[in-house]
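Read top to bottom, the protein sequences are chains A and B.
Under the working numbering, think of the first position of the first sequence as 9, with each following residue one higher.
Under the working numbering, think of the first position of the second sequence as 280, with each following residue one higher.
Derived by calculation from the structure, the hints in this document are not laboratory data.
Treat the hints loosely; a few may be bogus.
Said to hold, decoys possible - Just so you have them, the derived chain B footprint on chain A, three or more residues with Cβ under 8 Å: (1) 39-52; (2) 55-62.
As the list claims (entries may be wrong) - Incomplete in silico selection of chain A near chain B, CB under 8 Å: (3) THR16; (4) PRO20; (5) GLY34; (6) LYS82; (7) VAL111.
C-beta atoms are modelled at their ideal positions from N, C-alpha and C, and glycine is treated no differently.
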Amino acid sequence: MPKEALSTLTEPMYYVLLALNRPRCGIEIMARVEEISHGRLRIGPGTLYTMLAKFESNGLIAPVPSAGEGGKRKSYEMTPAGAAQLTREYERLKRQAADGKEVMEALYEQG
Amino acid sequence: MSKDKGIKKEFLPFYSSDTDAVAERFEQRAAEGWMLKSLGLFAEYALCEPKKLRFNAVLCPVKGSNSASIPLGGSEYITLCEEAGWSFVCHRQEVYVFCTEDDSAPDIETDIAQRMESVKAANKRLWLGSIPSMLLQVLNILRRIGLHASGAGSKAFIAAMNSISILTLVVLIVSLTANTIGVRRWLAAAELAAKEGGRAPASLPGVLSRRKRTALIMLGAVLLAVLGLLAYALLLCGPVVRSVVLAMICSHALLALIFRKTIGKKHSTAKTVLLVILGMLFLAFTFLIFFIIFGLVFNVFEAAE
């Protein structure tokens with residue numbers, strides 16, 4: 009069965025949506041992703057640009073008019089559809105972790 | 280590489296999957312004291328203080344290049360990269376070049392899967408963009424076969440012209456195929472790296488030299504064929520054929536000279552169509568002028584009378 013567009017998120021996509029819990033511009037998103045992931049994940053500006061465009065075309069985020077710096081910095085905020093997608097992804101990851109927990113604990117006990 | 284008073288030019292053909300190798304080349308040149316100024320078929324460098332810079336050459340997303348329709352990169356893409364610490368240097372069509380002195384700035388493209396999509400899309404666009412040229416060559420060949428069958432014109436000359444068209448077509452297809460093979464090799468390595476959670480694979484050593492060699496062989500083959508036709512026309516054909524061949528070569532050379540900067544740039548579809556029509560009108564007009572000139576030189580019109 010073919011996968012629907014954005015039915016599951018990649019790790020960078022997931023963190024970018026997490027970072028959009030409030031309106032942020034591109035550079036703020038990059039900094040916030042690094043902060044949330046404790047320095048583990050760094051997203052390049054080019055990758056972020058393409059991701060934001062994909063999110064926008066899928067209705068997960070919407071641009072926010074930015075007042076500062078003559079409106080040069082484009083900010084984004086999560087839409088209700090984006091929040092729903094993020095929640096679904098979080099629940100999916102929680103289920104995966106829970107499913108694996110029992111198996112992994114048994115593996116650790118074995119040794 | 281040619282040097283001229285603080286400017287250096289380097290013939291630099293590359294595939295869409297070779298951007299890492301291209302960036303490394305620019306870093307090397309900057310360390311030698313040559314800063315990249317512009318990028319077309321030739322990379323142009325300006326003399327500067329040797330410095331340690333990081334370069335990134337990226338395929339900037341263009342409209343329709345992905346399954347999600349991505350807006351044209353341009354200023355917004357550049358602004359985002361500049362905010363992240365990169366300085367925009369120049370671009371050649373969809374390949375944008377940035378540099379930074381900051382070792383801690385993240386690479387511009389960090390997602391292998393996304394990069395693979397960009398490379399695949401760029402290769403697809405290359406094939407689609409070459410279709411008009413290939414069709415034109417095929418139409419020219421068929422038209423000349425028709426002339427040959429109807430007995431109009433010199434058969435040997437028509438055969439020679441068709442040989443050039445066929446050779447040009449073959450060179451075009453071979454270079455596109457070589458490009459696709461190179462890109463597919465990189466994509467296979469990138470897919471493996473993506474599964475292992477690693478970085479995008481670096482280009483193989485010497486890849487740019489190989490691209491240059493391939494491009495020079497292709498250009499050499501076409502040039503030899505054109506020279507062969509010129510020699511054949513001048514030495515073995517009558518004044519009319521001689522005038523036609525010389526007029527064709529001069530009008531094409533003039534077109535390439537005048538429109539060389541326009542040809543290298545990317546344009547919208549409407550502008551491309553307009554430029555093609557303009558180019559064809561220019562060719563027809565200059566061909567006529569040159570034919571009259573050479574016709575007078577070789578006494579074509581006196582012979583006709």
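For each hint, the structure was consulted:
Counting residues of the region 39-52 of chain A whose C-beta lies closer than 8 Å to any C-beta of chain B gives 3; at least three are required, and the coverage claim holds. Check result for the region 55-62 of chain A against chain B: holds, 7 residues qualifying (beta carbon to beta carbon below 8 Å, three or more required). Violation of the interface hint for THR16 (chain A) is found here, the shortest Cβ-Cβ separation to chain B being roughly 13 Å, above the 8 Å cut-off. Taken as an interface hint, PRO20 (chain A) checks out: its beta carbon lies about 6 Å from the nearest beta carbon of chain B, inside 8 Å.
With a cut of 8 Å, the hint placing GLY34 (chain A) at the interface with chain B holds, because the nearest CB-to-CB distance is about 5 Å. Taking 8 Å as the C-beta contact cut-off toward chain B, the hint placing LYS82 (chain A) at the interface holds, the least distance being around 7 Å. A hinted interface residue such as VAL111 (chain A) counts as satisfied when its beta carbon comes closer than 8 Å to some beta carbon of chain B; here the least separation is about 21 Å, so the hint is violated.
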